[in-house]
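Student: Given next are the chains, with one letter for each unit.
Number of protein chains: 2
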Amino acid sequence: MRFHRDPISVAEAQRRILAFAGKNKVEHVPLTESEGRRLAEPIRATNDVPHFPKSPYDGFAVRAEDTAGASLEKPVELEVVGAIACGDAPDFTVGKGQAARIMTGAAIPEGADCVIMFEMTTENEARVEKVVGVKKEMKAGENVIEVGEEKKSGDLLVEAGKRIGPGEMAILATFGYAEVPVYQLPRIGILATGSELLMPEEPLRYGKIRNSNSYMTASQVRQAGGIPVLYGNLQDDPDEAVERVLTILEETDMLITSGGVSVGDFDIMVEVFKRLDVDLLFNKIAMRPGSVTSAARYNDAFIFGLSGNPGACFVGFELFVRPLLQAMQGKPETGLKEMEAVLGVDMKKPSSFPRYVRSSWKIEDGKAVVYPVGQDKSGVVTNITDANCLMCIPPGGSGVAKGDTVTVLMLPYNVGE
Amino acid sequence: MRFHRDPISVAEAQRRILAFAGKNKVEHVPLTESEGRRLAEPIRATNDVPHFPKSPYDGFAVRAEDTAGASLEKPVELEVVGAIACGDAPDFTVGKGQAARIMTGAAIPEGADCVIMFEMTTENEARVEKVVGVKKEMKAGENVIEVGEEKKSGDLLVEAGKRIGPGEMAILATFGYAEVPVYQLPRIGILATGSELLMPEEPLRYGKIRNSNSYMTASQVRQAGGIPVLYGNLQDDPDEAVERVLTILEETDMLITSGGVSVGDFDIMVEVFKRLDVDLLFNKIAMRPGSVTSAARYNDAFIFGLSGNPGACFVGFELFVRPLLQAMQGKPETGLKEMEAVLGVDMKKPSSFPRYVRSSWKIEDGKAVVYPVGQDKSGVVTNITDANCLMCIPPGGSGVAKGDTVTVLMLPYNVGE
Numbered sequence: 001m002r003f004h005r006d007p008i009s010v011a012e013a014q015r016r017i018l019a020f021a022g023k024n025k026v027e028h029v030p031l032t033e034s035e036g037r038r039l040a041e042p043i044r045a046t047n048d049v050p051h052f053p054k055s056p057y058d059g060f061a062v063r064a065e066d067t068a069g070a071s072l073e074k075p076v077e078l079e080v081v082g083a084i085a086c087g088d089a090p091d092f093t094v095g096k097g098q099a100a101r102i103m104t105g106a107a108i109p110e111g112a113d114c115v116i117m118f119e120m121t122t123e124n125e126a127r128v129e130k131v132v133g134v135k136k137e138m139k140a141g142e143n144v145i146e147v148g149e150e151k152k153s154g155d156l157l158v159e160a161g162k163r164i165g166p167g168e169m170a171i172l173a174t175f176g177y178a179e180v181p182v183y184q185l186p187r188i189g190i191l192a193t194g195s196e197l198l199m200p201e202e203p204l205r206y207g208k209i210r211n212s213n214s215y216m217t218a219s220q221v222r223q224a225g226g227i228p229v230l231y232g233n234l235q236d237d238p239d240e241a242v243e244r245v246l247t248i249l250e251e252t253d254m255l256i257t258s259g260g261v262s263v264g265d266f267d268i269m270v271e272v273f274k275r276l277d278v279d280l281l282f283n284k285i286a287m288r289p290g291s292v293t294s295a296a297r298y299n300d301a302f303i304f305g306l307s308g309n310p311g312a313c314f315v316g317f318e319l320f321v322r323p324l325l326q327a328m329q330g331k332p333e334t335g336l337k338e339m340e341a342v343l344g345v346d347m348k349k350p351s352s353f354p355r356y357v358r359s360s361w362k363i364e365d366g367k368a369v370v371y372p373v374g375q376d377k378s379g380v381v382t383n384i385t386d387a388n389c390l391m392c393i394p395p396g397g398s399g400v401a402k403g404d405t406v407t408v409l410m411l412p413y414n415v416g417e
Numbered sequence: 001m002r003f004h005r006d007p008i009s010v011a012e013a014q015r016r017i018l019a020f021a022g023k024n025k026v027e028h029v030p031l032t033e034s035e036g037r038r039l040a041e042p043i044r045a046t047n048d049v050p051h052f053p054k055s056p057y058d059g060f061a062v063r064a065e066d067t068a069g070a071s072l073e074k075p076v077e078l079e080v081v082g083a084i085a086c087g088d089a090p091d092f093t094v095g096k097g098q099a100a101r102i103m104t105g106a107a108i109p110e111g112a113d114c115v116i117m118f119e120m121t122t123e124n125e126a127r128v129e130k131v132v133g134v135k136k137e138m139k140a141g142e143n144v145i146e147v148g149e150e151k152k153s154g155d156l157l158v159e160a161g162k163r164i165g166p167g168e169m170a171i172l173a174t175f176g177y178a179e180v181p182v183y184q185l186p187r188i189g190i191l192a193t194g195s196e197l198l199m200p201e202e203p204l205r206y207g208k209i210r211n212s213n214s215y216m217t218a219s220q221v222r223q224a225g226g227i228p229v230l231y232g233n234l235q236d237d238p239d240e241a242v243e244r245v246l247t248i249l250e251e252t253d254m255l256i257t258s259g260g261v262s263v264g265d266f267d268i269m270v271e272v273f274k275r276l277d278v279d280l281l282f283n284k285i286a287m288r289p290g291s292v293t294s295a296a297r298y299n300d301a302f303i304f305g306l307s308g309n310p311g312a313c314f315v316g317f318e319l320f321v322r323p324l325l326q327a328m329q330g331k332p333e334t335g336l337k338e339m340e341a342v343l344g345v346d347m348k349k350p351s352s353f354p355r356y357v358r359s360s361w362k363i364e365d366g367k368a369v370v371y372p373v374g375q376d377k378s379g380v381v382t383n384i385t386d387a388n389c390l391m392c393i394p395p396g397g398s399g400v401a402k403g404d405t406v407t408v409l410m411l412p413y414n415v416g417e
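These protein sequence lines map, in sequence, to chains A and B. Mapped onto the UniProt record's numbering, the consecutive letters of the first sequence carry residue numbers 1 to 417. Mapped onto the UniProt record's numbering, the consecutive letters of the second sequence carry residue numbers 1 to 417.
No wet-lab data here; the hints were simulated from the structure. Don't take every hint at face value.
The list treats identical chains as one, so a pair stands whether inside a single copy or across any two.
Okay, derived cross-link-like pairs now, DSS-like style, lysine-lysine, Cα gap no bigger than 27 Å in a straight line [claimed, not checked]:
1. 349 <-> 136
2. 337 <-> 402
3. 349 <-> 139
4. 349 <-> 23
5. 348 <-> 74
Work the whole structure out from these sequences, hints included.
Tutor: Printed below as a string of structure tokens:
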């Protein structure tokens, strides 16, 4: 195990993580509890749609041959032998010279082969009860939705790995998935390091600040489909640290820490990694912020050492933890969705590493334009509240200029809601 | 109360709903349970940030006057009188000719007025213990983050009504909000109507279909911050219907029904509205799909009668129920976020009403382009699974053509995740 620092690219770091990403176990949950989960199997049509010939309109089900010669001037009169509401299984046959009143979505009765809309009948002007005049010649099959016309039994409707939202819920219900196969939610232990940290409920003390990374990370974990488990703040005692880390790994699927990974005097996670003799995946990434982001495997579990800087911690989660959580829950394509956008302002800060800047994109004159959010300088997290993307600025040169095209990684926060 | 149908515009329908929208009660929840809720009060800084003068680097805290004349060739030697880690409240003073080792984020000790980075000292080459050589002249205040430099106590950080995500969690934790004031979640009763409907767990029967709208709506409600309460399917019996509706209104804040609102023979909600003598807000909207969407007030509660057609039910929720749920939870701007996009295909279907087409937008060559999803014709809901927006097509003429600019309402589904 080497603890010196070889910076690797973001893409290489992601590859090293995903190489060990296994899918979670599958469990079956009731339909009403499946929202937000990821499908462990594709959804297929379990029956033809419709599964009975169906009327698309309110009207009369008739035999096309009986309407020969019908016209506005000379309606053909048919005997009304019944009415079929939605949900009825018609228990009669439409014979020669007969018609059945039928509602939208109702099953076509035996004998009938087409549906004439109310508007083309004498429905509202009938002189004799139980008789309807048809004002138009019909063809067999006209206004009948045939069995399987919309979907065939077995048709693939939604791919495995898709997150269940309104559309998926509707399909699952339609096809009788009262129980839904989904991937288990990963349980993620979250631990902050640093003896300078107070809990949110503690009063401030000179020199100390409150832990914010754990709560931010918990929200990111939840929105990425994990269950966050908060383990408070770790003081800078290596023996205690090793013990806490081992306990957390027993109780959860993964540990995310923040802080303690740089090269300072009191970098506890570096010491923990050494004492546990972890399999280090990386401890330096060619990126800003968050170059000290570390990841390791211990037995079959991941330990992420995110930066203690809130902005870097946020970015580290999005670039490295999110793809893993997606893969564990069966999402075929991992990582944040990419798009191109035009830079709305100059970003002239030179950097030897690629930069991932918390930003906001919007459409201006039909074009995607992206702006950094808040003061770029500030270490505080207030600008995360406005970010809907990370802007990727390539290294070298003197930064990028207004009007340049940049790649943008779309965040799921601050979108439509 | 009039039950004839006067079509009103979508905007007018939204106005009539919002005219009655009151904010929910405020409750305080623990920070860890506040994620996804909407803030009932703005978040303000409860202290200066930093609240003590702080070092932005690892280095030595010194007195600028002591560094006069220091250079790479002629470092000034200072006595190291202590070390300050993050979180320490320094209990000593840096006097004339003295220095204190200091870590990033640690408090500047009394007496010192600047910080020199390790790189500009003899840190790694010290010949004498407890002595450090400073290789550069410093100015007072250099590399010191002053009290309140990032945020002042009382600064507005996040507006009321904002949904709590990772950035908001970080800020709440930073400023000691162990309990967070949020709006109560509205409880939404959901009821499907139609004797053709089966429950998802029931086997298919001829002429019948399974209820999918309730499950779709439940997902929409949850993602809009409500608590869905499913009440199953209502059969077409008016007495029972009235009783069920009254029970649901006692147990929830609002009722959403699907189906039973058109002009057919068995439109149960029309009958329920009549018997309860509701205050009808509207029962016809100039839009496709979902022109029969209805809304009413009964005592202080809303009843929404969404269309039984799944696509129309989906759109009806997004246009009319979502803004109300947002307003009840204090969101200042209600409704789906709008943007302009270029149409990627011809949509030549003429319509006398504005159309809201389930669609997907993406960026192509830097421009936002929008495409309808799935077969436009299909009444099935399979295309909702791919939609990330509703495309608004104005009425009249012969539809819109590829390349035309259209307004797009962004949905919070199928975004980054």
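Student: Confirm or reject each hint.
Tutor: Evaluation of the provided hints:
no.	hint	verdict
1	349 <-> 136	between (75 Å within a copy, 25 Å between copies)
2	337 <-> 402	both (23 Å within a copy, 25 Å between copies)
3	349 <-> 139	between (72 Å within a copy, 24 Å between copies)
4	349 <-> 23	neither (41 Å within a copy, 45 Å between copies)
5	348 <-> 74	neither (81 Å within a copy, 35 Å between copies)
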